[in-house]
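J.: Below, each chain spelled out in residue letters.
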Amino acid sequence: MSLNRYESQVRGPLVEGGKDYHQITEDICRPVEDKPSKLWWIGFIISVCLLIFGVVSIYMDVTYGIGQWNLNKTIGWGWDITNFVWWVGIGHAGTLISAILLLFRQGWRTGVNRAAEAMTIFAVMCAGQFPIWHMGRVWNAFFVMPYPNTRGPLWVNFNSPLLWDVFAISTYFTVSLLFWYSGLLPDLASLRDRAKLKWRKFFYGVASFGWTGSTKHWQRHEALSLVLAGLATPLVLSVHTIVSFDFATSVIPGWHTTIFPPYFVAGAVFSGFAMVQTLLLVTRKVLGLEEYITIEHIDVMNKVIVLTGSIVGIAYLTELFIAWYSHVEFEWFAFKENRVNLSSPYGWAYYLMMGCNVLSPQIFWFRKMRRNLLVTFFMSILVNVGMWFERFVIIVTSIYRDYIPSSWSTYYSPSIWEIGFYLGTFGLFFTCYFLFSKFFPVIAMAEIKHILKRSGDTFKDNMTKDENETLDEFEHENAHHH
Amino acid sequence: MNNKYWQGFGEFNKSEKFQKRVQDEFRDELPFEDFDNTSLLDAKAPRRDFLKYLGFSTAAATLAASCKTRLREAIPYGNKPENLIPGEAKYYATTFVEGGDAMPVVAKVRDGRPIKIEGNDYLSNTNGGTSARAQASVLDLYDTHRLRFPQRQVAGKFEESTFDFIDKAIAAELAGAGSIVLLTSTINSPTTLDIIAKNPKIRHVQYDAISYNGMLLANEASGFGRKIPTYKFDQASVIVSLGADFLGTWLNGEQNAAGYAVGRRINEASPAMSKHYQFESFLSLTGSNADERFTHRPSETGAVALALLAALGGGVTAPALKDAKLNAGVTKVAGELKAASGKALVVCGSNDVNIQIIVNAINAAIGANGTTIDWSRTDNAHKATDKEFADLLTQMEGGQVGALLVHDANPVYNYFDGARFANALKNVKTTVSFGYRMDETTQLCKYIIPSHHYLESWGDAEPRTGVYSFIQPTIFPLFKTRDYQTSLLKWFGNAQDYEAYTRAYWSQKTGNETAYHKALENGVLEDAASGTGAYNGGAVAAAVTAIASAPVGGKDELALYQTVAIGAGSGAVNPWLMELPDSISKACWGSYALISIPKAKELGIDTGVDYEYYPDKPVIRVSNGKTTIELPILVIPGMNANTIAIAVGYGRNEKLGRTAAGVGKNVFPFTSLSQSGSISYFVPNITIESAGRKEKIAQMQIHNSYEGRVEVLRETTLATYRKTPNEVLDFRKNLAATYARTTGDFRREGTLYGEHDKPGIKWGMNIDMNACTGCNACVVACHAENNVPVVGKSEVLRFHDMHWLRIDRYFVSEDANPDNLKGVVFQPMLCQHCDNAPCENVCPVAATNHSSEGLNQMAYNRCIGTRYCANNCPFKVRRFNWADYTGADSFPNNQDQKLVGVLDPVVHQMNDAVSRMVLNPDVTVRSRGVMEKCSFCVQRLQHAKLEAKKADRPLKDGEARTACQQACSTNAIVFGDVRDKESAIAQVRLNNPQRLFYSLEQLHVLPNVSYFSKIRNTDEIVPEGEDDVVDPEDRKKGLMEPAKENAHH
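Chains as they are written, first to last, in our numbering: chain A, 1 to 482; chain B, 1 to 1049.
Keep in mind that the hints were calculated from the coordinates and are not lab data.
Hints should not be assumed to be uniformly reliable.
Straight-line Cα separation of at most 20 Å, EDC-like style, residue types lysine to aspartate or glutamate; simulated pairs [stated by the list, open to error]:
#, chain 1, residue 1, chain 2, residue 2
1, A, K336, B, E707
2, A, K336, B, D815
3, A, K449, A, E222
4, B, K201, B, D391
5, A, K336, B, D391
To be clear about the criterion: a stretch of chain B counts as covered by chain A if any three or more of its residues have a C-beta under 8 Å from a C-beta of chain A, and this derived list gives those stretches [what the hints assert, rightly or not]:
#, region
6, 705-718
7, 807-820
8, 864-870
9, 908-915
If we take Cβ atoms under 7 Å as the criterion, some of the chain A residues that face chain B in the derived model are [stated by the list, open to error]:
#, residue
10, K73
11, R137
12, S160
13, T283
14, I399
15, S406
16, S409
Bear in mind that the values here come from a model prediction, so they are computed numbers and not experimental data.
Here a beta-carbon is modelled for each residue, glycine too, at the ideal position from N, C-alpha and C.
Just chain B, same shape as in the assembly (with noise of 0.2 Å):
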């Protein structure tokens, strides 16, 4: 061996100290004394070891007996689908189909799970905004209780069948049924439409649980065909709505609300908005949104309408109204319809056929139609008629039908006489349900083939004339269910499924598949509108006299409602949108007759502190004659006096599931069909007693007035605003000469702690309170995307509700008369995420701290449930787990509360395997005792900027986008980087200082959202802190420090 490597002359030289120091480099043993082989009470050092050996064991001891958790198995794929990347969301074009009503939407899977439904920025006048509905539709897909497969009715019972097998029994019985009826609500698919036209076996009844038929028949009357117009709230600048909730449930609201934002909207340079007029009989979400309202019996709407075509110089006598406001407003009203001409509009909520003809009358005489009114685009939501209905009603009794078919159609339920369509169903051989659930029809009918979640069909939608909506899947159907078009393809010799029909369809309609496959991606295609109406006012005077001879009102009035939660009924099954608090009475999870001050005190209900402060309100009764219902009653303000309106939609059937079942009265049977023909909403004489005790309604808020904090929220009249545009400016200037008055650097110098500086992104929101029309639909996204737990209504009622972002309603009245409401405010009230944070710095154990990007954060496993971060927090808007809502406990069984706490069933729905397949992977599941609220969707931004670094390059404005800012269809929020100068939220903060203003400013907690003052578009001159606690005066020589108080005076 010649070669020698050595790396030192150590080694080389082979010293001995070298070679100790090679030996003792690593020492095998722990540095433990040596035993020796004695005991260890005789070891040298025994006491050290002791202690050594007893820190381990316990330490290990430890570990052992804590750490051991639920042993969960995550199964990956054996084959990995293609363009599948576990974690990362997928998005796909599709339709949020409800009734007649499809709404464009995008929705986000994860991991194969469709997990929230987004707008769909693609379709020209949505904003991309969605409903609440729509947003709440992705948790009926996990619904518990679908119908998970094929039944038919054995000796009365529902036994679980096969397709073939009911396919077999069907065709054999259809080939000999005379009449086969297809019962659906309204149709508006195009290839749907096409199978049905195909098969003239087939008789296609059209029936919708709100119907639309006295404005079809209307505007049939009027000249315009049996369709419904568009209305393009965008270009009226005098609105005026008699009873009809265009903001909320009718026709569309969130698209009414896109283009009513749009005139809403505050230009500070040149301050105009539109004008709202409302004239209701009850306080509606669109009439909360109005500038002045009027409110008359809901007898009294033809009256109304035709009081209103009188003064525009219609030519027409009106029956005096006996109000002398509502005169006085009519007169005013048409002479402002008068000088907007062209740029105004009339709608009406309506379904009687001749109040709807005086409508279209009227919107005649003011120019509407082609101006705000958009005869090229027709509204193809509604289309049946009541006639129709009632017609194979009494066909179905005579047994002239020989099957019914029913997709989407409840009439059992949702029929004035539902009754009698149950017995006629008797009469019908072979009767067939598609239902979606054991709905009240469904339970009756002989064969049951339910059908998929619109997130598991393929399918369009023409919402409008000329615009086109796909429906594609986003997930394989979870149980054995089918579309029922391919149920009818079938059964009529068509060996296509409805998947290949639709592919053939749209291929040969838009050229090639590649056209079709382009269009299911963006989910929407719109071809150029066309077509325009003529207005013929032939039908006017036989309307008039009808109106004229229409029953006069009895002492008391019911009016039939839609809530924006639940509908006509869609949204009782649905646990998000149950436990929405409605807009205007705050409450959840039941219904409730809303009734007016003067009509409490005829009651003798008492409406004071208890009133206030416990959930027990005193129960009515309410008849018709005919039906009798008792339901807790709620006093709002601004409801004519004896009107009394009752939501529709609750009172359902058990089978529908836990979440519907037992929550509220069903009110359908309280609708009639009126003298015109059509389904009629209201009553004109109900009689209603007190029944002498109470029941409980869960509200989220119970106080109604904003008290005249001005520093919480600022809301002022136009003319006030036009007279002091910089009254809310001044008061922010007045703040920082008091707290900063060497530098006027409010933020740095209004505490005595230093700032560091955080440079980067700084996250801000903005919403403008008069955009925000108060529909709910952020609440519900905000739900969906944070895996908010549902609490249910015991829970609600202990005002344990979880919701990150809620919105706060407070009524604006006068002082000496509560009832004469000037305004609703609603103001969306999430964490601040204040950079002076009271809540970060009372945490013993910094689990809520402040991000450099300017975010309040929440460490979950940090928490230890001290709940002294929500006592101080201002906005009240931290969120304790009161209890185990998620099952994400470490501690197992306790969701089973005896004495207090009891959790409704719905709780344990939520927690159902397959209702948990809803929730979002990115957002952690908060177990119970810990704090959670709003994190401004931390992951949606971490998210954005993750893509941007990996496109290495800055993140750009708007795309990192909230959920609540998403959902929103009047863009009220912006969110966005406040410290990019070219930002949305930067230049609506920059181009705004007179409306901007921070809640609570004066409390130096430093909050990163903004709002804009809500104006209401009147002439009053509201005196600067007329509403005040505090005299305006005395509350800037509170602010100001007495020094310079002195040097004032």
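The shape of chain A in the complex, shown without the other chains (with noise of 0.2 Å):
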């Protein structure tokens, strides 16, 4: 028993391999420094391939309009709303890591808040195209910004949850991105201090905006961090609280529910947890960061998604329960004829996103399923199919059979060109990503070495000794120091 212990007790080491502070700023800037490896040009023309799939579909939309998608007059959003939600969904891990987790000191974020942020924006960005694109006529998009104008002047719709999208995601990519930025700058300036070639001085040396790393620099970093942190915490519960309006304020069966705002936060955890693993999986093991991103931060992360898929799967139950207890009968068809019968269109796809977000990641109460690779890395997957489904099932079951029975629709399956923009968005997602990794650290370099003195494995293991004492034996080392 020690008492100047300040390790925390039930968290391994975060940091492994013995590292110090040189070391750390090798091994992050190493992937930035060196030449792309094939994998990560592979990866990279894969990703533009994607992205230019994508660009053609939403020419094709552009041009010839929303016909080229499968909707229809009944199902009047289908996969293009369905990957707008998944998308801003998956933006909220990186949020919760590096705001809320900053907030309550929480050390082992470091070693993937970075990652995570980069995700949360580039995640964002994705889901935007969506709610852009989806409008019949692009070109007037710019009507739904709120500034005097020569149109009447037209004011818009303060009542409709469209417009409050536009004002959170808005918000939310700002506070992302000023969050993300700010964090970089010390890195960068690293970068920049490292740099041999001209061209990345002055790349770095830009970006860094004239970081020195004076006391005062540090000083006013760490409070904007806070502020940042604090502005985006509410945004972690806002911004899918209001994208959860766009269905709970609307009179369709199936969408007017009330439960959906922490619904939609706790799934949209569940699925950004589930994308970070996915990613920095892949991450860690192309750019050999696995002593920075452990096992330990695996597990972490693990266990938020069993907590955030048992709250899913919570509310899903609940939601069917109060389907069937409040004797609407319009809800509850929606519920039982439209999901729980297997036998009805989609049924299918009620059960694959049960199976996905509420049953499989139970396997996550065992310690060994959370420290196994390969385990979370299929499970990751799983739980984005089955959080994908959640939002298809939402939107596209509800109003394929909803009030006027006249008007149930004909099956709805995807175009090629609604395959093609959310392939387009992965492509946008992972060229952005793949950018990233090449051209920034992926890791916080001066976030890590500020936990590498409590929670690396040298401290750790040094804390073994003082560990194994007596109070006597610590009393007396210490005295006798004085």
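Quick one: dock chain against chain with the hints and give me the complex.
T.: Take a look at the structure:
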């Protein structure tokens, strides 16, 4: 037992390999300073191809109209808004990690926050594409901006949840971007200082905003981080709450559900962590960063997944129960016939969602499973598939058979351009991510160094001696020093 | 200068301060800082000015780059025609003529273009209603596939010719021709008949696509003469139809419907309505309106008629009917007919002389002649007899016909042996077609003198004896066409053209030209009715014998029928009609075979989820030994188990145009000449087998049951209604009691928001579901009035149809046995113009909003196309422009989709400059990417309001009428200002509290469209909520607040 131990009792070491400060800088800067690997090039080219496919898909949609998608008079939203909600949800993990965990002083966030924040920004960029390009007349998209104009002036409709989305998403994007970038400054300065090539020096010089590492800079940096964390924290809750309002404030059975805000937020964090897992498992392997993104990190995030997955599961069951308990026949029909009924056209989607989101994460109650990389990777994919289907189930299975039976829709499946648009956002996401991993440090060097002395393996090992000391020995030792 | 004018002391005294102010009053330069000949960056305040310049140049560049639109020129009149005010509509009474059917209509003409057909209120028995085909006929005028000039065949190919040349050539040929035959559909135009009568050289043969030979000859045999009477459905309390689709395609459906609806209206004080029995082999539009239906094989029609006559004590012996339900039905119906003697009517759709003779005997037995059957006004729509044409055919084959002049007859297509006629045509030296399009018969003629459209013609019609209807042109002929009557006059030595002939004829008949002009203005002229019919039963015995020896049906039988849209084929060239979903099948753009549920089981067709949700339907092969066709099936409840029903009119020739070509199959070859000498429209013995593949059927509605959702619509039986008349009212009261416990005002207390007072007009509509027969006239009227785009089969298949007004059709069947069809409900569904509209609050840009008059409005220019409104519309009436259907888009060349959403040729046809002439200039043509929906015909409302304003008086009830309301021949739709206590809409709502309901009222969306519940006249007592998804007690609980619920117990 030790009085001066300030290490976490419950966590293993968060940095392995007996690193010192220099070693950390070397490790994390290496991928940025080296030539990209073959794997990087392959991944990058595939991403760009997908991106081009997406651009062609959007070109078709804008030139010929939304009829290029298989939506119809009954199903006004399909893959477009499903993908929107899915991408927005994914972004949430990054904000949660960077903001809420910062406020709660969770040291383990430092290994993953940079990549997670980048993921947030790219995911929000992807998400934003859908509400924009799903407009029938996208060239008039600026009508949603409330500014004094020459058209009357015509003002936006502040009652519309879609307008709230505009504010919510743009705010979210701005704050996330600022947060991410301000965190990058010290690391960019490190890269600048290490740069040997002229353009590199110039690029990182401009990008690091003249960071010198003075105490004043650090002090301001810390303060800014806290302020932005304070701003971002409510956003973690509000953004998906507002996205859920798109549905919750409507009159459509299956959409008009008061449980949506917390349910959506939990789902968002759930899917976001799954995406972080997917990305980091690949990143740590490809960039050789296993010593910084440790099994310990993965274990912790899997705990978040099982927690949020269970919350989502409870939400599903609550929703189902209330649909029955409320005796609103239309809502009960939407659940009983459109979803639970396996022989209904989209029954399979409901069970896929249930299986992926509620049942499969329960595997993470077992420590062994949480720390198994293959299982984690597979699960992270499952969860993302499941969460995509959650949005699909909510959106499509609610509207394809709503109040008026005459308007019940024929079977909806996406057209090639709908699929192309979705794949295109993957292209955008990974293109950005690959560029990010090439030009920016994927782990926050400064912050890792910050916790090295508390959570690094060397430090923890050195603690063992202290831990084994008795009080007397300890007192003696300390007294001796004096 | 002594005078000095001054305005103030400053000016008077010329003070320095004043002078400076005068000098500074107007600055000549923009308030930019001076440059002082220095460069921009060195100027005094360069940054600020730089931003100004930047702002200006960006804005200018944006304007210059983005505001370039296609230049479209509008050319004003060089000489303005008299009485023509641009933008002001003119209305001309004229007559829609199709075959022998003639319907008085009024054509709305805007800037010289007829754009809309309305009913003529002057006619005594149509209520000013029209049919779907009459509504759509204006589009035929602008058909791109009309014949545009006279042509003649040279070496097997048609070449353009001139009237003069052809006139000379034909006159020469006719002079040498022996027998000259004029082959037409039924003609009831007095002037035309006069022209023919005055030229004894012409032998007139009438041939109708759908023959009424059986009725004509039967009536002759029964002593009434070779005539068809008119029927007074309004006078009948018991109506029995033996397969007659009298509300749709049988003898002036819309006129019959107008009378029929009179007896179907419910007076809440003493609820009663006529009783309608239908015996038929498949589910027809009329059958779907019946109170009770009995099905039989098509070959059993005679047996059923005989059984009915026998049960009425007609002194005949009837062959036994195998089906017990049918037998019981005959007995029951006979009893009711007897009881309602003098107020009963039996009609029969068969074309068999003997069966119609039996029907005449039945009607005589129940005292229908003179009461419900009117022999003083005989129907002139069908005068052709089948023998006449058969004889002609033989003569043609024998080379006895020298010249054949064909007008509006197309035997190559619609005669059962069209090929024989085509062959026979080769034996005729001179063949002339007055065709309007290059139809199957016209293609084989040597000369083509294309006729005018009726909207370009002069003329007249006598649809019923003593009722005259006039035709006057509403537009100068678009192409080089000519009235066929003018041709006849010319070729037979009369210098007059047809216009002059008509004027002379009618001026003489009405007394003078002024009277004729008056008649033209009104469009109709009615003589006093005269004449009665005396029944003679002499032919019955022979008819009984003939029926008894009629061929017995085989395993499966085929029934051929007409749809309201396509008729015998005339509608197949009209995009509006092709896109009109059939009332029963809800399918459009193609033909299909209706089969029964047991037959589907027998063929192993799974009618589960896939059948409903995918448009691909199994294809069957139908054969009568000679003709074999393959068609996809639709499974319909309430069909005779062994009857397959297929609509005629499809399978048209390529040359008829992009609309008709290749759509569906022609089933006229299945018709035959029966033993009694009439064309028979059923095949007693066919073989059917699965073709092992699937074809797509474009349906606009795929789910057939309303799932017991009483919130959506209300329907019940008369007995139930009498027992619990307040069921609907109680539901509404319960809503108020639950959600407005303080004030009882559901409207105001049911929402958190306050309500603004909106004084003045408040528009409202009521639809009586008991009066609606589902005839679809309103749907086409809406299509025409509001420039609704035609999207073609490929887009309908993708559920992209654009109709603003649709008629939802629900089958009401027993849960355990869906084939036991109890009734069919038609619910016209359009924008409900909700006062608390869920679409309005979700639009991010406020493109859809509410007017102070209660209209839910669309600002198309404002719409950015998020489709959120459509998702949130509980009635699903909003329609999105998925592609550039109208060519109105600002993106050029975007109708050439290659991979997804390839547009059908018809879309391009509708965008042709000629087709676009039909567009209503008062209604915006919507471009791609915007949402649209019913506007309550706001352009008509505005027009009526303006007229009232110009006359400085308040708007009168009935001045503002929506297109759907105008088209309805049963007056099912009532529209007006609900604040006006005297208005029809306010009155009907006030007087029918028991049947009044609003669809989905519990959502508190506050619709402005109300409905009256549908009531079937049966004795069955429907237990409350029998069909409901949720137990009715539970439903009540669901609506109650828990506190109140506890207080109850």
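J.: Could you check the structure against the hints above and give me the numbers of any it violates, in ascending order?
T.: Hints 5, 9 and 13 not satisfied by this model.
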